[in-house]
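So the sequences go chain by chain: A and B. First residue of the first sequence: 1, per our numbering; consecutive thereafter. First residue of the second sequence: 1, per our numbering; consecutive thereafter.
Hints were generated in silico from the structure; no laboratory data involved. Zero decoy hints are in this set.
Quick look at which bits of chain A chain B covers, simulated, 3 or more residues with Cβ under 8 angstroms:
1) 69 to 79
2) 297 to 310
3) 324 to 338
4) 366 to 374
In this text, a Cβ means the ideal position worked out from N, Cα and C, and glycines have one as well.
Protein chains: 2
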Amino acid sequence: MEKPLSKISYRNLRRIDGDLVNIDCADGRIAAIVPAGSAAASGAEMIDAKGQLLLPALVESHVHLDKTLWGQPYRANSAGPMLKDYIDNERRVLRKVKAPIAVRSAALLEHCIARGSLYIRCHIDVAPDIGLSHVEGMLALREKYRDLVDMQFVAFPQTGMLIQPGTVELMDKALAMGVETVGGLDPAGIDRDPIAHLTAIFDLAEKHGKGLDIHLHDRGELGLWQIERIADFTQARGLKEKVIISHAYCLGMFPHARIEKLGQRLADLGISLMTSAPADTHVPPVAFLKSIGVNICCGSDGIRDAWSPFGNGDMLERAWLLAFRFDWSKEEELQSALDSATGAAAKAIGLAQYGLKAGHAADFIYLPVEALGDALGQRPHNRNVVRHGRLVAQDGALLKSRLG
Amino acid sequence: MEKPLSKISYRNLRRIDGDLVNIDCADGRIAAIVPAGSAAASGAEMIDAKGQLLLPALVESHVHLDKTLWGQPYRANSAGPMLKDYIDNERRVLRKVKAPIAVRSAALLEHCIARGSLYIRCHIDVAPDIGLSHVEGMLALREKYRDLVDMQFVAFPQTGMLIQPGTVELMDKALAMGVETVGGLDPAGIDRDPIAHLTAIFDLAEKHGKGLDIHLHDRGELGLWQIERIADFTQARGLKEKVIISHAYCLGMFPHARIEKLGQRLADLGISLMTSAPADTHVPPVAFLKSIGVNICCGSDGIRDAWSPFGNGDMLERAWLLAFRFDWSKEEELQSALDSATGAAAKAIGLAQYGLKAGHAADFIYLPVEALGDALGQRPHNRNVVRHGRLVAQDGALLKSRLG
Numbered sequence: 001m002e003k004p005l006s007k008i009s010y011r012n013l014r015r016i017d018g019d020l021v022n023i024d025c026a027d028g029r030i031a032a033i034v035p036a037g038s039a040a041a042s043g044a045e046m047i048d049a050k051g052q053l054l055l056p057a058l059v060e061s062h063v064h065l066d067k068t069l070w071g072q073p074y075r076a077n078s079a080g081p082m083l084k085d086y087i088d089n090e091r092r093v094l095r096k097v098k099a100p101i102a103v104r105s106a107a108l109l110e111h112c113i114a115r116g117s118l119y120i121r122c123h124i125d126v127a128p129d130i131g132l133s134h135v136e137g138m139l140a141l142r143e144k145y146r147d148l149v150d151m152q153f154v155a156f157p158q159t160g161m162l163i164q165p166g167t168v169e170l171m172d173k174a175l176a177m178g179v180e181t182v183g184g185l186d187p188a189g190i191d192r193d194p195i196a197h198l199t200a201i202f203d204l205a206e207k208h209g210k211g212l213d214i215h216l217h218d219r220g221e222l223g224l225w226q227i228e229r230i231a232d233f234t235q236a237r238g239l240k241e242k243v244i245i246s247h248a249y250c251l252g253m254f255p256h257a258r259i260e261k262l263g264q265r266l267a268d269l270g271i272s273l274m275t276s277a278p279a280d281t282h283v284p285p286v287a288f289l290k291s292i293g294v295n296i297c298c299g300s301d302g303i304r305d306a307w308s309p310f311g312n313g314d315m316l317e318r319a320w321l322l323a324f325r326f327d328w329s330k331e332e333e334l335q336s337a338l339d340s341a342t343g344a345a346a347k348a349i350g351l352a353q354y355g356l357k358a359g360h361a362a363d364f365i366y367l368p369v370e371a372l373g374d375a376l377g378q379r380p381h382n383r384n385v386v387r388h389g390r391l392v393a394q395d396g397a398l399l400k401s402r403l404g
Numbered sequence: 001m002e003k004p005l006s007k008i009s010y011r012n013l014r015r016i017d018g019d020l021v022n023i024d025c026a027d028g029r030i031a032a033i034v035p036a037g038s039a040a041a042s043g044a045e046m047i048d049a050k051g052q053l054l055l056p057a058l059v060e061s062h063v064h065l066d067k068t069l070w071g072q073p074y075r076a077n078s079a080g081p082m083l084k085d086y087i088d089n090e091r092r093v094l095r096k097v098k099a100p101i102a103v104r105s106a107a108l109l110e111h112c113i114a115r116g117s118l119y120i121r122c123h124i125d126v127a128p129d130i131g132l133s134h135v136e137g138m139l140a141l142r143e144k145y146r147d148l149v150d151m152q153f154v155a156f157p158q159t160g161m162l163i164q165p166g167t168v169e170l171m172d173k174a175l176a177m178g179v180e181t182v183g184g185l186d187p188a189g190i191d192r193d194p195i196a197h198l199t200a201i202f203d204l205a206e207k208h209g210k211g212l213d214i215h216l217h218d219r220g221e222l223g224l225w226q227i228e229r230i231a232d233f234t235q236a237r238g239l240k241e242k243v244i245i246s247h248a249y250c251l252g253m254f255p256h257a258r259i260e261k262l263g264q265r266l267a268d269l270g271i272s273l274m275t276s277a278p279a280d281t282h283v284p285p286v287a288f289l290k291s292i293g294v295n296i297c298c299g300s301d302g303i304r305d306a307w308s309p310f311g312n313g314d315m316l317e318r319a320w321l322l323a324f325r326f327d328w329s330k331e332e333e334l335q336s337a338l339d340s341a342t343g344a345a346a347k348a349i350g351l352a353q354y355g356l357k358a359g360h361a362a363d364f365i366y367l368p369v370e371a372l373g374d375a376l377g378q379r380p381h382n383r384n385v386v387r388h389g390r391l392v393a394q395d396g397a398l399l400k401s402r403l404g
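Okay, chain A solo, but in the shape it has when bound (with noise of 0.2 angstroms):
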């Protein structure tokens, strides 16, 4: 249980615009943002940020909790060389690890909730050779963390749907469990009948009331034609403003003009697209597409497991990748970095009442830099970080008595 909230003011946190604010908190919400100086609450304790940088908490959009391998001791990534071989790989390793995801995605998810992130929406692979063991040991991890950070779940059939048979119930009985999102995985590409993976999941979707988040890799106009069919789909069933698509690496091999047309549609069905802004591939182009009104976020993928070593879960990390992908360095542009791993993230995700408003959750974060681009920059690991109107990480450390 949460402990009870009295009141709590912040002094002299630094806005991205310069100015300095206190955060008067009360219940867990913002009571008031007023100019640093003001007089605080009656009764109410103070805790002086000394004028450090103050950002809304960050949101993790796109994270594999259930892979992840923190904390263990390292395994050199031993796949071979085709996406099959990884997703094999991964099988293998997981069946030797020890550690359950209570242990292992418990000792992330503190790392994450300690640089920042308190949204988190994390995807649970789900398969006929691990059933829903992903999707009981994730449930738990999130009421065990629940007074630390907000999580919602996807069930993500990583070995493909289709081909695996038996997966599309395996997702509907995780779905009846409290998973939110209904996933999916290249239709095409992955489960080679992409209309017949596209009326499951959304039929899934349909039957439970809820969003889906898609995994696209597909590549070239196969992948264009596949968001085209995801747009067909999510307009016919009403889903607007509910669907993600993550990767969508195909938006980023074409001319703008190309691409124009279905990016409208996109803007149109609130279709959200998420990026790991990988390097050594095409990213969407996230200037353009936003400037025509689709809605970009970022997330962190896989963190630290069989897949590849590196992964830190430090969405203001992501964030500055997604700035240094473009060659980003002008302040709009790193307010749309930043924008990525916060309110872009919490629109994409569905959070309602997110940021740094009176009468929203106190949640948010203040480092010791000065400005956004030393912030993106720097990445300063002792971040300090409030959630709903406590420190619940201090200096980058958690503050473990925060727990339950």
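Got chain A sorted already, so can you dock chain B onto it with the hints?
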């Protein structure tokens, strides 16, 4: 002056192969690397690394310390859209910023050392409007920090050379003052007379008995053609192993077959390549070029300056960015990434006795991770840095007492 050095034994360092070793230092050099558990020399001071990961000192092979605004109030990037605008903007900004190199560059240099870079090649702007002021500032800086770091300098014609009369003469003076290397900049794209440009800089190199380090941003066939000409000059002037081409984006714009012969020529002439591993443009195909014998290293390029707020001088981050650029994740790939900021960089800038070997300078770092994959993926800031046998940075903070 450097303080007298006693015997120091660093205990329980974990090599990247997993073995635990001790490094016994005497008079600033590595006396022996022995299995952990071995007895130390009598009278040696003992420092227990407690199993932290051992890496050789990092090598920064390309940085512009004289341009940095490190430690100065944050400035939003105010440059216009073109390369020329960025060059002009930098001049405006640096005229406005009052802090001299002794302050700005020193602050960044100390940060780089604390992150583990003990060998640094720095390009220094030389141009009619600033004359040799940056050279003078950097020479003084090198003298002040000589106990902590080995620095090499390149006389760099940032605003163009032949198109800026007087620049060659200033470079000539800079080389006479102690700058080690002749710079160059887009002989075709900026200076518009490639053969005259190369003739001038190779003449300077010959006159002073120095090597060269040439910025080449020119793309496509124009870039390849200039690399061929640089190879011609290197061969004709007998400067094998003495030339670096920095950036060389053009090599990443063609199929391997098209650049293989040129790559073999670079290998034969010992011409190294330097990349900052950018994600928004082409990068030389590092794995392929290394496979045919080309030496390739990484550098930070500009750091928090008028060009961009980004960059932080962390060469582990740069090595990781190289891996990220090519989606490397296997152990041999991680070692290649590390090599770009250690061995390959040392070779590129001509360090004679580099690396963890008895008889070499006792320059190394250790940090709280278990394996190379974690060093690159997590890049903890709380590193320990040993220079000439002495701890000069501890838990990420420079020990100021070591300075002079």
